[in-house]
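Protein sequence lines correspond, in order, to chains A and B. Take the first sequence: its position 217, counted from the start at 1, is 217 in the numbering used here, and no numbers get skipped. Take the second sequence: its position 46, counted from the start at 1, is 46 in the numbering used here, and no numbers get skipped.
To be clear, the hints were calculated from the coordinates, so they are not data collected in a lab. Since the model is a prediction, treat every value here as computed from it, not as a measurement. A few of these clues could be false.
Which copy is meant is left open, so a pair is good if it fits within one copy or across any two.
[To be verified] As a list, the in silico DSSO-like pairs of lysine-lysine whose alpha-carbon atoms are at most 30 Å apart:
(1) K305 / K162
(2) K14 / K299
(3) K276 / K54
(4) K162 / K179
(5) K218 / K299
(6) K256 / K299
(7) K276 / K299
(8) K54 / K218
(9) K256 / K276
(10) K162 / K299
(11) K154 / K305
(12) K179 / K154
(13) K54 / K299
There are 2 protein chains.
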Amino acid sequence: MSFSVTILGSASAKPTAGRHPSAQVVDVHEQYYLVDAGEGVQQQMFRYGINPLKLRAVFISHLHGDHVFGLFPLLSTLGLYGRRTPLRIFAPAPFGEILDCHLRYFDSELPYSVEWTPVDTTAHALLFENRTLEVWSIPLRHRVPTAGYLFREKEPPLNVDKFKIARYALSIAQITAAKRGEDITLDTGEVLPNGELTYTPYRARSYAYLSDTNFSAKAAGLCRGVDLMYHEATYAAAEQRSARERGHSTTRDAAKAARQAEAGRLIIGHYSSRYKDEQVLVAEARELFPDTCAAEEGKTFTIEKRR
Amino acid sequence: MSFSVTILGSASAKPTAGRHPSAQVVDVHEQYYLVDAGEGVQQQMFRYGINPLKLRAVFISHLHGDHVFGLFPLLSTLGLYGRRTPLRIFAPAPFGEILDCHLRYFDSELPYSVEWTPVDTTAHALLFENRTLEVWSIPLRHRVPTAGYLFREKEPPLNVDKFKIARYALSIAQITAAKRGEDITLDTGEVLPNGELTYTPYRARSYAYLSDTNFSAKAAGLCRGVDLMYHEATYAAAEQRSARERGHSTTRDAAKAARQAEAGRLIIGHYSSRYKDEQVLVAEARELFPDTCAAEEGKTFTIEKRR
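With the rest of the complex left out, here is chain A (with noise of 0.2 Å):
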């Protein structure tokens, strides 16, 4: 029931000797999903000891470069290792046609399918969903049409309270609709709330990853409550006319929408390749959001389950 983040690149567009472009994993009870691909990306998850024929789904938030040019070399390596497993890419138009650019040239003949799903950016849409998650979009403020995703655990199935079991010697099919939400009515006639029967057993558990963006007040708002949001800080506080005008975010700017959201903790990353130490900028974000820490390559985020 594992719910974490797992970074594999910090940098921004410039690349640096030690950072990779931007590319995450989120594990989602077991099962595997990229969050954009960065040049590099396959490389950094055999790095981390993630494997990539385990990716469910691809979700890519803009057709910028440094966010997307490390699918097609891993869209080939998994190739190479044989998946037959279809792949989902969840990415701003026009991907379909990049998609149809590249498999033309260079992988022709996968043994799996590629399924893209166009991601309409103005909108706040449920994208992907299944017995444990929902993907959302956010949309976001950036220099081409942008997309940030929000991946929200399903509330996990009611647990009946055992002591409760044995005091009212309930049946197994009493247990199981109780499981189901139902109120319980005893061989004495006496009706048993739901409510008395049954807890929830944690809380569902939530991820934001917003980059690249402008400070937005609607995509924090959207993401109000989340246990952990990744938010770009591409530069220091002191530069905001520069994150104005390129579409990126100051530390402040990402501390600012975590706050906002009332997010739980916060992620900062896509530095600048100015900032040789990212510390300084995890600093200026705890000025204002005490609970940041930096995405550090090969580190993962746990969120731990909450009642």
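Given the structure of chain A, go ahead and fit chain B onto it with the hints provided.
For chain B alone, kept in the frame of chain A given last:
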């Protein structure tokens, strides 16, 4: 007057945590040429202190992703760094179509021009020439059209023996004429053959890049006398059948090519991911060609000047 090769990638198509796909930089007289451009090549250049803005031209052997996926992020980064100098790219068709796709979707406003020259992979032809260097194509035998590249330093200008200058009291005009290779007529009417006055300061140097390919006696013959040869050795000698079928070489194929070419030294690389320790492969090649080295990433092989 440098002449060296720096290895940036040593892996074959499946990259590993420790090895990058094919890429090298050839430095001829402080001018830099990129040979193949596997994923991560720009970061490898940063890592090993090679300024990508100094690249004069790129030579792509063939259009398999592990030899070309790093080129597109590099093109973008050169744009971000404000390159103005045109960049020449030599690659087999249909590279131009692939380049068009890249430029259309990712780099429609590069500040420099990218000039593609198609390489006829069936011909041994002069592709590139400047004051100090010629680059020739070498037809190879792979699953898709593939060319190797032969870097030939031009003969350095003649030096005039300073003892002869003093002995015959040669004038500036006579020295200049001697440097051009002319015979010199003294005031006495005596004619000094050019060979008595001048000497070649060092022998022109050469480097051959042969990847990916089956063993080719013809390719080896075209590299006769080469100072340094890179030859792929994807497989150990025992895997000769896999090598043949996949259009690749074994360690023995590489050594045979070097021996047949009477090469000075051999570098082997493009190792299959199954070989964790490349020294096993090097040892095999050395049985046939003792002066064999591993393509170790970050290592620079310098061809020293010799008389």
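Original post:
Does the structure break any of the earlier hints, and which numbers would those be?
Top reply: Hints 8 and 10 contradicted; others consistent.
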